[in-house]
Each structure stands twice: as structure tokens, then as C-alpha cells.
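So the sequences go chain by chain: C and P.
The opening position of the first sequence corresponds to residue 1 in this note's numbering, with each subsequent residue numbered one higher.
The opening position of the second sequence corresponds to residue 408 in this note's numbering, with each subsequent residue numbered one higher.
Treat the hints loosely; a few may be bogus.
Restricting the straight-line Cα-Cα distance to at most 25 Å, the calculated cross-link-like pairs of lysine to any residue (SDA-like) are [as the list claims (entries may be wrong)]: (1) Lys376/C with Arg662/P; (2) Lys377/C with Glu623/P; (3) Lys376/C with Val546/P; (4) Lys377/C with Gly255/C; (5) Lys545/P with Trp381/C; (6) Lys545/P with Gly255/C; (7) Lys114/C with Leu206/C; (8) Lys545/P with Leu206/C; (9) Lys545/P with Gly16/C; (10) Lys377/C with Asp544/P.
Just the calculated beta-carbon pair ranges, DEER-fashion [what the hints assert, rightly or not]: (11) Glu169/C with Pro689/P: 32 to 40 Å; (12) Ala201/C with Thr616/P: 53 to 61 Å; (13) Gln731/P with Arg407/C: 32 to 40 Å; (14) Asp632/P with Ala201/C: 51 to 59 Å; (15) Arg258/C with Ala666/P: 51 to 59 Å; (16) Thr616/P with Ser145/C: 21 to 29 Å.
Because the hints were derived from the structure by calculation, they are not lab data.
For every residue, glycine included, the Cβ atom is placed at its ideal position computed from N, Cα and C.
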Amino acid sequence: MELKPLLITNAMLIDGDTPRPGSLLAVDGRIAAIDPTETPGGTETVDAKGQWLAPGIVDLGVFATDKPAFHFGGITRAALMPDNGPLDGAGLVERAAKGGKPDLWVHPIAAATKGLAGKELAEIGLMQQAGARAIATGRTRIADSGVMRRVLSYAASLGLVTIIHAEDEGLTAGAVATDGEMATRLGLASAPAMAESMAIARDLALVEETGAPVHFRQVTTARGLDLIRAAKAKGLPVLCGITPAHLLLSDTAIGDFRTFARLSPPLRSEDDRQACLAAIADGTIDILSSGHDPRGPEDKRLPFAEALPGMAGAETLLALGLNLVRDGHVSPGRLFELLAGTPACLLGVDAGKLAVGKEADLILVEEGTPWQVDAKKMAAWAGNTPFDGMPVQGRATMMWKGGQRIR
Amino acid sequence: MTSSTIRPASDYPPGGDAFRHRHLIGIAQLTPWEISYVLDAAEQWVDLNRSGAAKHDDRLAGLTIINAFFENSTRTLLSFEIAGKRLGADVVNMHAAQSSVKKGETLIDTAMTLNAMRADAMVIRHASSGAVQLIADKVDCPVLNAGDGRHEHPTQALLDALTIRRRLGRVEGLTIAICGDVLHSRVARSNILALTLLGNEVRVVAPATLTPPAMERMHVTTFTDMDEGIRDADVVMMLRLQNERMDGAYLPSAREYHALYGLTPKRLEKAKPDAIVMHPGPMNRGVEIDSSIADDPERSTITQQVEMGVAVRMACLDILTRRQRGVAGWN
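Can you make the complete structure from the sequences, with help from the hints?
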């Protein structure tokens with residue numbers, strides 16, 4: 001089937017800080033013109049009726065290829081964490097990269113070490129050739145500083161970013177919550193929040209020494225964010241991310257032993273949550289992602305400490321991101337930098353922006369449409385959302401991948 | 408003690424409003440008057456239990472109570488069993504070794520199985536915090552928490568409050584030191600909640616490695632020095648120290664723990680002259696408590712606590728089954 005040129009008119013373009021009226025032309029799967037003055041013959045025209053036209057979301061760091069959830073959430077590209085498998089060989093990476101065809105980009109993130117065991121380097125170069133776009137330490141960090149140093153310098157030599165989970169394994173051993181009133185009242189084993197900043201501090205020292213680019217996938221504490229801020233001021237090649245959960249929920253959400261709110265890293269204190277909001281507003285946080293990790297009742301309908309961490313976040317990512325806009329923490333343009341621009345840049349893919357020449361991965365967003373998160377009616381294959389029952393606003397109504405309508 | 412500590416029924420809201428809970432999951436859900444309502448209700452069962460051969464009441468006749476213990480226990484299980492039987496209920500005990508019921512889905516399945524057998528009340532103990540709540544949300548009958556992980560052990564706190572009230576004449580305005588492994592103790596959590604709620608000054612005395620975070624948020628003061636912590640206390644409540652805590656991870660050795668935190672007669676002199684010493688059992692004699700104190704009936708309330716345990720559990724079973732039994736005012 002031949003791909004017709006696509007013209008989206010009457011849209012509010014998200015190509016600057018604030019949405020502006022305009023139109024967009026895509027030809028051969030790429031953005032050919034913004035506000036085109038003429039269109040080629042045979043162009044298919046879509047009237048956006050005043051909806052936002054934004055780049056498709058590039059969700060950095062999901063744990064499952066859960067297409068219905070990604071499509072619901074306006075996610076055109078998902079960067080898959082290496083934990084399931086684990087993705088530590090070229091064949092596995094190649095297969096994972098094909099997991100989304102034809103209507104979803106899956107960008108595998110390779111395991112940094114064999115079996116994600118944190119001991120020996122995985123075949124990072126071969127996995128890169130097979131399609132890996134970055135490497136990651138997985139759900140835990142690499143405990144051995146010597147191994148971490150070699151991982152960082154090796155990945156950097158291949159031009160790959162290392163995606164890091166920052167929690168000190170000694171401090172967090174056995175813990176399922178953050179130290180504080182909640183954990184104490186519930187009788188849950190907890191770890192101090194500084195388990196995160198300690199881990200960040202070590203890795204920043206290694207970054208300073210090796211010059212390797214890194215991305216801390218989730219930074220969730222005031223002290224951790226302070227370290228990132230200082231590192232950026234020094235000019236270190238450091239990015240950091242967060243999920244909406246740590247921006248919108250504090251550890252009070254685990255009250256009543258709600259296992260859907262059992263996350264890794266665990267939900268933090270209200271003070272830390274406020275620090276995260278400040279950091280997303282001042283630009284310290286670079287990437288907002290879903291951390292999509294659907295888990296069925298066999299993993300979640302358990303006593304809190306026995307349940308596995310993780311949340312199904314893909315469907316709520318956009319709506320909860322729009323919350324940040326409405327609350328005045330970020331502009332619409334900045335939101336899509338967090339959701340699409342910066343993650344695309346990290347992965348080295350030519351998308352994530354409304355700019356001529358970029359791949360035409362596009363979404364239309366009805367930013368005001370109200371709906372309610374319902375764990376029982378999610379498109380994801382499991383409904384483990386800590387936002388169950390929450391009224392939200394905004395959803396993707398149409399999606400294109402490479403100029404091809406997929407929803 | 409004394410009937411003078413029992414409030415007249417007219418002090419409480421009428422009928423079921425005096426205790427508005429389907430389950431007894433924790434002290435955290437209770438109000439001060441609900442606690443005192445249970446304590447008052449327990450008094451009559453203390454009397455009954457002391458009444459010689461005729462210590463029996465048939466109000467729960469025909470009801471089936473299942474004691475589902477997913478964690479080993481001797482005294483609590485026995486206490487609940489006796490409480491149920493003294494009230495005339497059919498009591499069944501289920502010991503599910505923790506090893507065979509590892510997965511929580513199995514836990515809920517087990518609960519649903521018990522539910523399908525039409526239990527009229529379930530008493531549950533489990534090694535994981537929150538497990539009892541999880542079951543309570545799924546079954547149709549009242550659920551009594553007999554201890555879940557480090558979270559709560561509400562009947563223990565109630566029996567401790569009753570013991571204090573009977574020994575000292577009141578359980579308010581007292582200074583109470585809870586000493587030992589507070590971090591891993593559900594007994595400590597329930598007691599902190601109950602005793603602060605009733606208006607006592609509660610102190611936590613524990614090694615720094617066994618003190619939970621954010622203790623001040625639970626309205627207690629913390630001490631790492633035992634002598635200071637029990638100074639002028641009316642009640643010294645000792646906690647059991649699990650053997651596995653003494654292997655170097657949390658504490659260097661049992662010997663060192665005894666030297667720093669063991670309750671010796673000399674140390675007890677710091678407390679009020681008539682201070683009572685409590686222990687939920689089972690004791691590690693010579694580790695957290697000296698035998699001479701444990702066996703001193705003037706000081707130790709340990710056997711009385713066991714006695715009050717049966718009475719309090721009878722009161723809880725009675726109150727929580729009133730709805731099923733169609734007691735007037737409880738619907």
C-alpha cells in the first residue's frame with residue numbers, strides 16, 4: 001500500500017512553548033513542512049478541529065511490550081528495559097526490536113551485564129548492532145563499582161548512554177517502603193531515602209572520571225535531585241527522569257497496604273515529592289516516562305511485602321503529564337520535550353519533535369477531555385495503577401507512526 | 408479490679424454504635440471509647456473465668472470460629488481457642504505452615520475456602536504485615552487479627568491495657584516504657600497506639616538499630632539508654648528479642664544486649680517503686696529479663712496478662728459476632 005501524503009489542518013501545534021494554530025504536512029513518513037503553503041496531489045487531509053498536534057510519546061524504560069496500552073496512551077515508541085529475558089544477547093535484542101511491528105516502535109535497551117547479574121560485561125557492541133539503543137542496569141544497580149566503571153567507559157566508547165537504577169543495595173535490602181511514619185505505622189521494612197542519593201553520588205563520581213553519558217531513570221528524592229543539579233552545573237553528561245507516580249503521590253498512598261502503590265524506588269515523603277515537582281519545573285528532570293510494568297493479581301494480590309513492585313503507567317502518562325501543565329509546573333512544549341524530545345534524543349532516533357525532516361510520529365490530543373482511571377477497564381494487560389479512580393483530563397485521539405495512521 | 412473502673416453502659420453510644428467495626432484489624436482503627444468498651448466488656452469474662460467449674464457461657468453456641476494461623480504460635484492460638492470454647496462456639500484450628508502457603512494467591516484462595524465453609528468468625532495470624540487486612544477484604548465474616556507481620560496485634564494491646572488497668576487502677580496518665588526490639592514488634596506498635604490513645608506518656612527504649620524510623624510521629628519519645636528510659640516509669644513493658652536478631656546483624660550478641668538492655672533488679676530501681684513489669688511472652692530469661700523479676704508476683708504481670716488475654720478475646724469474639732447473632736441494636 002502506498003503511503004499517501006498527510007496533511008493535518010486546523011491543529012494547535014506543539015512546536016514551541018505554547019500551542020499555536022497551524023497545519024503540518026508529512027510526506028513519505030517524514031514531516032515535510034509545517035504550515036505548508038501548497039500540498040502535493042493525492043494528499044489525505046485530517047481536520048484536527050483545534051486539538052493539539054504533538055509528537056508521539058517516546059516512553060523511555062518500559063518493562064513489557066504492551067501495545068494496547070501504548071496505543072491508548074499516545075505512545076509511538078517504547079524503549080524496552082532489559083529485565084524480562086533478560087536482554088543480554090544480540091538475538092534477544094533483535095527479536096525484541098521486532099516485537100512492536102508494524103504499528104509500534106520498540107527500541108530495546110540492552111543489559112549492561114550478562115544476565116543483569118552485575119558481574120561481567122554483556123556483548124554490548126553486538127547488541128548495539130542488533131538494534132539496542134542504550135544499555136541499562138535493570139531494576140537494580142550494579143553493586144560492584146569496578147564493574148560499573150568498566151561498563152560506563154565501554155558503553156561510552158560505543159556512543160551508548162547507560163541507564164541507571166539508583167538505589168544502594170545494602171541500605172535497601174529487604175525494604176519495601178521509604179523510612180517514615182507510613183512505613184512505621186504499617187510495620188513495613190523500610191530504607192532511608194538517601195539510599196538513592198548515595199547511589200547517585202557514586203555513579204556521578206564514575207561519570208566525572210570516565211566522561212560517560214548516563215541517565216538516571218528515576219530520581220525521586222530532594223537530595224538525589226540536588227546532586228543531579230550540581231552535576232549538570234559542572235557540565236557532566238547527565239540526564240535524569242521520573243514517572244508521574246513520584247510527582248503526584250507520596251508514601252501516604254501505600255496506606256491500607258495498597259500493593260498497586262508498591263513501586264521501585266518506593267513512594268517518598270511529601271517533602272521529596274515537592275522537591276520532584278520543583279525539579280521538573282526548573283529543568284533538572286529531563287524525561288517523564290511511564291515505567292510501564294503491568295502485573296497481574298498473581299504478583300499484586302498479595303501481602304504488601306510479598307507483592308512485586310511496578311505499575312501499569314502507559315495509559316495514564318499523558319493525562320498525568322497534562323496535570324503538570326494545568327498546575328503550572330511546565331509549559332505544553334516543555335511537557336512534550338519531557339515525553340518525546342529528550343527521550344528520542346537519548347535513544348538517537350530521528351523523532352520526538354514537530355520539525356521538518358523528523359519522522360512523522362504524531363498524535364492528536366484532546367487536552368481537556370475528562371475521564372476516570374479505572375483499574376478494571378484498562379487497555380494494558382494488567383490494571384495495576386496507583387491512580388485507580390482518579391479523575392483526569394486529556395487523551396490521545398489519533399496516532400500516526402511514520403505518517404501512517406495507526407489509531 | 409474494680410467495678411469502679413467500668414463505665415456505666417450509658418456512657419457509651421447505644422447498641423452497635425459503641426463499637427463500629429466489622430473486623431478487628433488493628434488498634435489504629437479504634438477510638439479511645441471503643442477500646443474502653445472492649446476492656447469493660449472483658450471484665451465480666453474475667454469473673455466468669457475465675458468462677459470454678461462453671462466457667463461457660465453459651466452465647467456463641469452454633470457459631471463456627473476458624474483460627475487460621477499461617478505463622479507458628481502456641482499461646483495466642485490456645486488463648487483464642489479457649490475464648491471461643493468458653494463462649495460455646497465450635498472452634499476449628501488450622502495450622503498452615505508458612506512453607507506450604509508461600510504465595511499470597513494461595514493465601515486468598517485459602518481464605519476463600521474457609522469462607523465457603525461458612526465460618527462465622529476468623530482469627531488470623533500471618534507473618535506479613537497487611538495480610539490479615541487482605542483476607543478481611545475478601546471474606547463475609549468478621550476477621551480478628553491475631554498478629555500480622557510487624558504491623559499489629561490488637562488483642563495483645565487490649566489485654567495489656569486491661570492488665571494495667573486492673574493492676575494500677577487506671578490506664579491513663581501513666582508513664583509507660585516499651586523496651587526492646589520495637590522495630591520488628593507488632594506488639595509494640597499496637598501498644599503504642601492504644602496507650603497513647605488512652606492518654607499515657609509512652610516511651611520507646613531500644614537499641615538504635617531496633618528503633619523504627621519517625622517514632623516521634625507516633626507521639627512517643629525514644630531512648631537508647633535503658634536507665635534513662637525507664638526512669639520513674641509506672642509500667643516497664645519488655646518485648647521478646649528474637650534469637651535471629653542477636654547474630655550480629657542488629658546486635659553484637661545476647662550477652663551485650665543483656666548488659667545494656669536486660670531488665671535487672673538494679674535497673675528496675677530506676678522506675679517507680681511500685682512499677683509493674685510486663686512481657687508478652689515467650690520470655691528469654693537472662694537475656695531481656697532476669698528470672699528474679701519475671702518470677703516476682705509483686706512486679707511481674709506476666710501470668711496475669713495471659714489470664715486477661717482469654718477474657719479480652721472472649722469480649723472481642725462476643726462483640727464482633729453480635730451482628731450475626733441478631734443482638735438488638737447491632738445491625
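Hints and how they fare:
Proposed proximity of lysine 376/C and arginine 662/P is contradicted: the alpha carbons are some 55 Å apart, above 25 Å. Pair hint lysine 377/C plus glutamate 623/P does not hold up; C-alpha atoms about 41 Å apart against a cutoff of 25 Å. Proposed proximity of lysine 376/C and valine 546/P is supported: the alpha carbons are some 20 Å apart, at most 25 Å. With a CA separation close to 23 Å, the supplied pair lysine 377/C and glycine 255/C stays within the 25 Å bound.
About 23 Å separates the Cα atoms of lysine 545/P and tryptophan 381/C, which keeps this hinted pair within 25 Å; it holds. Proximity of lysine 545/P to glycine 255/C is assessed by CA-CA distance (about 18 Å); at most 25 Å being required, the pair is judged to hold. Pair hint lysine 114/C plus leucine 206/C holds up; C-alpha atoms about 21 Å apart against a cutoff of 25 Å. The straight-line distance between the Cα atoms of lysine 545/P and leucine 206/C is roughly 50 Å, outside the 25 Å bound, and the hint therefore fails.
Taking the CA atoms of lysine 545/P and glycine 16/C, the gap is about 51 Å. The hint is violated against a cut of 25 Å. Distance hint between lysine 377/C and aspartate 544/P is fulfilled; the C-alpha atoms sit about 21 Å from each other, no more than 25 Å. Distance hint check for glutamate 169/C and proline 689/P: the Cβ-Cβ separation is about 35 Å, which falls inside the suggested range of 32 to 40 Å. With their beta carbons about 24 Å apart, alanine 201/C and threonine 616/P fall outside the hinted range of 53 to 61 Å.
The hinted window of 32 to 40 Å between glutamine 731/P and arginine 407/C is violated, with their beta carbons roughly 53 Å apart. At about 33 Å, the beta-carbon gap between aspartate 632/P and alanine 201/C misses the expected band of 51 to 59 Å. For the hinted restraint 51 to 59 Å between arginine 258/C and alanine 666/P, the CB-CB distance of approximately 43 Å leaves it violated. Distance hint check: the CB atoms of threonine 616/P and serine 145/C are about 26 Å apart, consistent with the given range 21 to 29 Å.
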